[in-house]
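Novice: Each chain is listed here by its residues.
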Amino acid sequence: MDGPDVVWYLCVAAFLFFTGSLGVLIRRSPLIVLLSLELMLNGANLALIAFARFHGRGDGQIFALTVMAVAASEVVVGLGLIVAMSRRKLDLDVDKLRTLRG
Amino acid sequence: MILAADAGNVLVWVVWVVAAFACLGTGIAVVSFSNPFYSALSLIGNLASLAVLYLLLAAEFVAAAQVLVYAGAVMVMFLFVIAYLGGHADTPWAGGPSWQALGAVAASAALLVEVIVVIGLKTGGRLSHAPATDYFFGSPATIGQLFLTDHLLAFEITSIVLLIAAVGGVILGSHSREVDGRA
Chain A
0 MDGPDVVWYL
10 CVAAFLFFTG
20 SLGVLIRRSP
30 LIVLLSLELM
40 LNGANLALIA
50 FARFHGRGDG
60 QIFALTVMAV
70 AASEVVVGLG
80 LIVAMSRRKL
90 DLDVDKLRTL
100 RG
Chain B
0 MILAADAGNV
10 LVWVVWVVAA
20 FACLGTGIAV
30 VSFSNPFYSA
40 LSLIGNLASL
50 AVLYLLLAAE
60 FVAAAQVLVY
70 AGAVMVMFLF
80 VIAYLGGHAD
90 TPWAGGPSWQ
100 ALGAVAASAA
110 LLVEVIVVIG
120 LKTGGRLSHA
130 PATDYFFGSP
140 ATIGQLFLTD
150 HLLAFEITSI
160 VLLIAAVGGV
170 ILGSHSREVD
180 GRA
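From first to last, the protein sequence lines stand for chains A and B.
Those letters in the first sequence? Residues 0 to 101, by numbering that gives the first Met the number 0.
Those letters in the second sequence? Residues 0 to 182, by numbering that gives the first Met the number 0.
Chain A on its own, in the form it takes in the complex (with noise of 0.2 Å):
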């Protein structure tokens, strides 16, 4: 195999995790709480595909497209609930949606 080892693509995965989970963390706006999130899922969705190289078998890429479509439904109702959220006039602040009234 040509190029760096399967281990530097896992570092990178583990990285791009750990600045996902940083931003759902730290971060207010549910918008880049969202954005957060796909970065969390892509550097799950890089360990997946580093792994499916090493092993020679194509079961990960295909666990990697599942994460996909989960991750684009995922997105759609996220929007969604930030539209609504926009809608009924609510601050898009994630700290201050403390109940659950509906």
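Derived from the structure by calculation, the hints contain no laboratory data.
All C-beta atoms in this analysis are idealised placements derived from N, C-alpha and C, irrespective of residue type, glycine included.
Among the clues, some could well be false.
[What the hints assert, rightly or not] Covered stretches of chain B (in silico footprint by chain A; criterion: 3 or more residues with CB under 8 Å from a CB of chain A, positions within the stretch not fixed):
{"#": "1", "segment": "34 to 47"}
{"#": "2", "segment": "133 to 145"}
[Said to hold, decoys possible] Away from chain B, derived, C-beta distances all over 12 Å, residues of chain A:
{"#": "3", "residue": "Arg-86"}
{"#": "4", "residue": "Leu-96"}
{"#": "5", "residue": "Thr-98"}
Guided by the hints, dock chain B onto chain A, whose structure is given.
Specialist: Then chain B, alone, in the frame of chain A:
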């Protein structure tokens, strides 16, 4: 012959380093921009550099799907919603670091260190002998065959998840009379 192989190896390393650092840099940019519009634009760069890494890992179809589905469809939806909402800039670092931010940094850093240590300790050296793959590894034909034979259940469940998400999006986005009455 050996010289040509070395040149190819160096080229792959150069591409990997550029793509990996673009990936990490745009990832940090996504988290640190205060305007969500710029964050979304950096995420597009992140997805593109990840597609390059997928290509280096012989996952051609996943790389193409990444660019088409993520950068093409999901990010357009993101940018549309951000433009619709006006992109409120929030200031994440205003007023000095709070205990919450410090805790978040500590938790995430603990996660990162744990993963790196486990990779270093438990796998050391064993992950370096990847088998040679044939021409068809990661091609659409192979992926499609796997999806329709070994992983048929995952394929069907994925379609149901997408359907439910579409229905949920319509319900969340529709003007129901009840919501308008209360708003």
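Novice: Against the structure shown, which of the earlier numbered hints fail to hold, in ascending order?
Specialist: Violated: hint 3 alone.
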